[in-house]
Each structure stands twice: as C-alpha cells, then as structure tokens.
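Q: Construct all of the structure, not just a fragment, from the sequences and the given hints.
If you read the protein sequences in the order shown, they are chains R and D.
Reading the first sequence from the start, the letters are residues -19 to 141 in the working numbering.
Reading the second sequence from the start, the letters are residues -19 to 660 in the working numbering.
Derived from the structure by calculation, the hints contain no laboratory data.
Built from N, CA and C at the ideal position, the CB exists for glycine as well.
Treat the hints with caution; some may be incorrect.
What the hints assert, rightly or not - So, partial list: chain D residues that the calculated Cβ filter (under 8 Å) puts toward chain R:
1. Q24
2. H50
3. I54
4. I56
5. P57
6. S362
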Amino acid sequence: MTATASFPEPNEQPSKGKIAPGKLAKASSRRTLPAFPKEELYFEAKFIDNSQVVRAANPGSVRTCWSAVLSVVSVTVVCAGLMLPSAFRVITGQKIQAERGKGSALRTEIAELQARIAQHSGRKHLEEFAAAQKMVDPHPTQVQHITPKGSYARVSLPSGK
Amino acid sequence: MLYPPIDPAAERRARLLLRILAVWGLLIFGRLLHLQVVQHDKYQHAAEAQQVHRVEIAAHRGTVEDRNGHVLAITIPTERVVVNPAKIEDVGLAAELLANMLHLDSGELTAKIAARAKAPRGRQYLVVAENATSADTKRLRDLRLKWVAFQDSSKRVYPNEQLAAHILGGITTEGHGSGGIEQSLEDELGGYAGYANIVSDVANRGFDTQMEAEPVPGNDVTLTIDHRIQYDLERYLEEAVKGKDCATCKTARGIVMDPVTGDILAMANYPTYNPNERFKKTEVEARRNLAVQSAIEPGSVFKVFTISGAIEEKVVTPQRSYFCGNGRYNLFGRIIHDAHPYGYLTVEDTLAKSSNICSIQIAQDLTEKRFFDYILRFGFGSRTGIPLPGESSGRVIRLKNWTKSSIGSVAMGHEVMATTVQLAQAMSVVANGGRLVKPRLVLQVKPNHLSPYRIRKASYDWPVAEGQQVLSPESVVTMRNMLDRVVQVGTGKSAKIPGYSSGGKTGSAQMFDPVTNRYLHRYHASFMGFAPVNNPRVVVVVTLDGADKYGGVVAAPVFSKVAGSALRVLNVPPDLPMVEDQGPAAPVIFNDVSFAELTEQRPVEATETVDPAPVSFAKEVRSTMVTPDFLGKPLRDVLSEAARQGFRIQPLGSGVVRAQEPAPGSPIAYGQRIEIKLGR
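A: Here is the structure:
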C-alpha cells in the first residue's frame, strides 16, 4: 500500500464566491488523515560501495584542526583566567581563616601563660617556695647596694630620684 | 482553505473568559505590587526577624598590670560547653565522658542532663561548663559529638588572688566592672561590643554571617603600684591586726606613695577578699576600700599640718617655747588634758611628745582663719581625684560654723575627718619640697596586646598634675627635721628603719561610736611618715582601727616594716649605717592620744609602759661624722664603704679615686652625696 497522505497546500486559498458541492466533497476527502501516523513511511538498508572512493588529503583539514585546537585552548585559558582568581580567593580565604584560628588559639595560650607567670612570680608564691626550700632573708648588712644610677629605682620612678 | 464558521455564543463565552482572566491577572499583579512595593519594608523586617539573628560579640577586656608589667588582672578567652540532652542516647555514658574531659562530677552531671531532658522542647539547652580551657575543649571537639556545642566565652582572672583586691575591684556576671579600677576605668578597659547578623535557613541553621560592627577591645592599663610593695603592705597590715599587740583591732588601712609624682605604690586594707571568687554577702565590709572611702578623725597626726602652717607663716620657730599648763588647759571653759603633764615645751618637742595643749596654743597663735586656710591648702575637705569609686572628701567644718573650742579640736585632729589617701597626699607636701601633688594610680593606658584589632587610640601616659605650692622649701626642711626628731626621740621610736632615716608622726584618735553617740577608748592608731629624711622616696600612712594601744606602739612598727621593705624594693641606698639587731625597741616614752572629748574625764590609760626618765634631746651623733678617705681606692671598694657608712656616691670617670669632694676628714652628714673623680 502506497497510500500517500495528502495535506492542503500552504498557498492554496479557498475559492471566493460560491463553492460547488462536488468540489467541497473532494476537499473534505483530501483532508482525511491516515489511520496511523507515518504508516506510509518505510526504512530499508542501502548498500554503499566505497571501494572505488579515492582517499586524498584534504588541504583544509589541518587548518581546521589547528583552529579547533586553538579555539579549545583559548576557551580553556580564558575560562581558567576568569576562574583562577576566585579559586585563589577561596583558597586564600581558607588559609586566612586557618591562620586566624591559630592566632586566636595563640592569644588564648599567651593569656593563660601570662596568668600563670603572674601567679608563679608573685611574692606570695615565691615566699611559699622559699619557705619550702628553707631559704632565709639576708641580713641587711649583707645586702650590697650599688649606685642607683640606671637601676630600677631611677627607671621605675618618674622622679628619677 | 476553509474554516467552519465560529459560533457567536462560543465567541462571547471566550471573550468573557478572557476578561475574567485579565481581571484575575490584574488582581494578582496588584496584590503583588501591594506586597512587594507598598508593604515592602514591613515584610522585609518580618523576614529578617525570622531569618536573621543579631548576636553580640563581646569585646576583649583590657589587662591590668603593675608598674613593672606584672599582670594583676587578665581576661582569658574560654569556651562554654553546652549539650542538647534530647540528642543524647546514653545519658550515663555522655555524663561520664564530659566529666572525665571537663573535670566535673559525673553523678551530678547525669542528674542535670536527665532533668533537663524532661524540660519542654526548646528549653533543653544545658550549659555544662562555663569557662572550659582550650586544652579541655580541644579533646572534646575532636570527638565530633553531635549533642555537644561550643560557644565563645571569657574569664576574668586575678592571678595574684587577693593582692590589690581593693584597687582592682572585680567584674559582674555581665562582664562590667564592679568596684575598684575595673569600675572607674570601665570605658578604657571594657571596650565596646561588636554585632554580627547570622542568616539562618528554615531549620534555623546559620548559613551566612555578616559582621555589622566589629568589637572594639578594651585598652590595657598600667597602674602605679608595685606588686612587691603591695604584697608587703598587705602582709604587714594583716600581721598587725592579727598580732597580739593589737588584739582589739578590727580593720587596717595603709598607703605607700611616691611623694614627688604622687604615684600610689601600694594601697591596702584589711580585711580583704579574693576577686576571683563570687561576691558573698558576708564580704560587704571586706570589700570596702577604707583608705579611700572611709574618712576618720586623724588624731595627732594632724598636728603636723597645724605646726606646718604656723612655721610657714613664721608664727613660731622650732625653738619657741610654750607653756603646756602641766597637763591641764582651759579653752573657753573646756578643760583639755595632756596624757602626761608637761611644763614648757619647744615647738619641736611639742611635735615629738605630741602635746595637745601646746598644739592648741600654736593653732591659736596661727589664728582660726589662717589655720582653716592651711587645712584646705593641704587638700583636706576635697577629693584627691584618685580614680577609684566612692572616694570620700572627708569633712572640714566651715569656718563660720566653728565653735570657740573648735580650734582646739581641729589642732589635734578632731572635728575634722580625712581619708588615708588625703593624709598621704598632705604628708607628701612635707616630703617633696612643699607641693601638693595629686595621687596618681594609673601610669599608662595602651592598646590591648592580646587583641587582633588595634583601632583604638594610641597609648598615652596618665599626666602628672602640677602641684600647688603649699609650703616653702625652708619650712619643709624645718618640718622634716622636726618629724625626724619624732622618730629619733619622740613618740615614733618604733618607726625607725634599719639603715634608713625616717620622719613621721604618730596619732591615736578616739573612735566614735554612733550607737552610743560617745567616743570610745579605742583608737584609730596611726603613723604617717616618710623616708629617707634628706630625700624622701616614700610616704607611708598606716592606720589600725579599734586598737587599744597608741599609734606609736602598734602602727609605727608597721610603718617601719613597710617603709623599709619599700626602700629595699626601690633599691634606695641606705643613708644610715647598718647596725646589728639590738633586740626589741625600748619602751615608748610618750603617748600621743588626742582626746576627742574635751572634758574633765580622762581616758583610761593604755597598756603601754611609760618611762619616767627624762627625755634626752641631745644633738644627734650624725653631725660629728667625717668624710672617709677614698683616695686611691677602686670604685667597688668606695661603693661598698659608702653603703656601709650611709653616704651616697657620685662617681665620675673610671679607675681609682684621684679626687673627692668633700675632702677626706671634713664634716659630713649621713646620706650626703660625695663626688669622686676616678682616673687610671
């Protein structure tokens, strides 16, 4: 069956004026669609014999190839160029955050150590330590006072006297 | 191509439907316009309130150090550990784990978690540890437990415990200063909190943070105090109150001050408290800074200012004699007594023996108006401006309100009230050459060294106020010599410092009992002095409250210990020869009580012994000293010998001594400077 589907021509215009009844019936029969879509189409294998084809180098293919490679490389470079800064920003941001964390931990550690230093270098602790070690204060006559120039006294008191 | 004709009814229906759709679209468009344009702000705020949470970021509080950089108060960043009991599968195991890592009691923790798990949804948040250290939280954090969360927190630490507690104060649970320098310098120390907006999703999980304002950290503050002198002052005050010599003493207060700059080197009160511990109602009295907040009648120490005014106005000289009425004096109908009857006394002996009657006569010669003027010029009756909260201005009765006998009371330190810091300030006038310097407690303010932000103003030194000249240098020298005599031969013998000369005045003011409205036979026993005499480096004021003995007995020894310790800490070379310990001091010869009640009733004698032997006012041996021969000696030997004999050396050059001034064998006083020229 080689029934062909018939469709109204795109440029077909309905005739003006009075339409003949036979023509109307013919037009309606032409509008009839097949029962199943594309039932009039068939596929069949076609053998192509390439034995006689002569292979010859295409002088334009190298250029095409290189232009394709360059295009890909250019696009890659441009994309990388556009993305790298933001990638670096992300990595640097992570490093900064990590360093901040370390800095914060170090500051905490410094504060803890300073508190411990103050605790251990306080007179109370030193006296307890000295008592535990059975140390005794030197007699005043055993203490040698050097000139106060440049000593604690001059430095610590703004009066310098 | 032909189309079937359109039904007119269908076309009408289609047009109607189209109009309805158009109206519906317009309504939607209008509603959207209303919501997104007209009510934009309202719904934006509503959305932000739902999705954005504003959190406060606490500012790092500044560190407080002493003048040597010794940390007195520091803020340590910590972490608050919280758990969500609803997510805990095995409460016992979780409690055991937390207790092990955070050093808590597992049983107590189990009960807490179990109790909180029964709480309504949203209230199951449980703080397990308020201030966990970074080491503890690191181990816990590494476990990645889903039911544990960490929040930034901080802890204020006073590593020296009660040392300088009254100066430092403390902080409230909200982190604001409460008392002491923490309160008065809140603006400097506290900084300003920052704010951040946390944007959260529908499950209230934060996914973005926007910093609105970064926290501004507090500045570090360096105080003028020296923690070593502070420790000694606190220790000796405590020893004095708890000692057997002052069995009835309740409280004590003391100050060590640099008379030249006004730097407070130490300020202490007893009893004291530990600012690391939470406030207890029983500690209300212990937390009072008596040296600044409590004004008392100073008693006989006030005679220093009575006589200073008279000396400055040239009304009297140290050798002018007054008749002390043999211990009885009629002041406008009121009978005044001395504890021991004296006949004629010179002005310097009046100070040395602390005679009430002669002091009153000196004040009368000075006249009320000039005396009142000097009281004000010495700084009494007005605040010193020391940056501590609640400073008392003391009390000076206006001249127009004085009664006839007021001059008698004020001359010996009654009817006038002063704080310890006011006394130290006034004594500095005599010690520094006649200027009234403002006490200084803050040495420097500098940016916080532990904070990552440094956007506050640069460090600056707290200014030293230019003092007003109260006494002339000549009057100052005269007063120093007279106060030196008080220690050498007067009521303040116990105030002698081994190796150093010292001057001062004792005082024993009767305490007033507001309940009975009468004066008690308990005293504010005081000693107010300076050392060394020639070039005073420290002014020390010590008062023991509630003593049954006089200031010369209980307060002067404390002065001796505190001043001696401070001079050694400050590395001040001795100006007197070091002598071996000669055992306990001789009995105090005089008492120095100033009777508040100017009546016939004599106070009960105190328990100190009275030496009936006449007092020797022989010239001191020091004037007979001769300059040693340093010629040909190396500097080390010279320094050693000079220190032993109490001289000060001014070296020039290097090598051995080639010349010296004064010359060997010439008269010289203790503490005098000897210039030596060295050469090879």
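Q: Next item in the hint list is I54 of chain D. Is there a CB on chain R closer than 8 Å to its CB?
A: Hint on I54 of chain D: holds, closest Cβ of chain R at ~5 Å, below 8 Å.
Q: Against chain R, is I56 of chain D within 8 Å by beta-carbon distance?
A: Hint on I56 of chain D: holds, closest Cβ of chain R at ~4 Å, below 8 Å.
Q: Is the hint on P57 of chain D kept, meaning its closest Cβ partner in chain R is under 8 Å away?
A: holds (5 Å)
Q: With chain R as the partner, please determine if H50 of chain D meets the hint condition of a C-beta pair closer than 8 Å.
A: Interface hint status for H50 of chain D: holds (6 Å vs cutoff 8 Å).
Q: Double-check S362 of chain D for me: the hint is only fine if its C-beta lies closer than 8 Å to a C-beta in chain R.
A: Since the shortest Cβ distance to chain R is 24 Å, the answer is violated.
Q: Per the CB criterion, is Q24 of chain D less than 8 Å away from chain R?
A: With Cβ-Cβ at 29 Å, over 8 Å, it is violated.
Checked against the numbered hints listed earlier, the structure breaks hints 1, 6; every other hint is satisfied.
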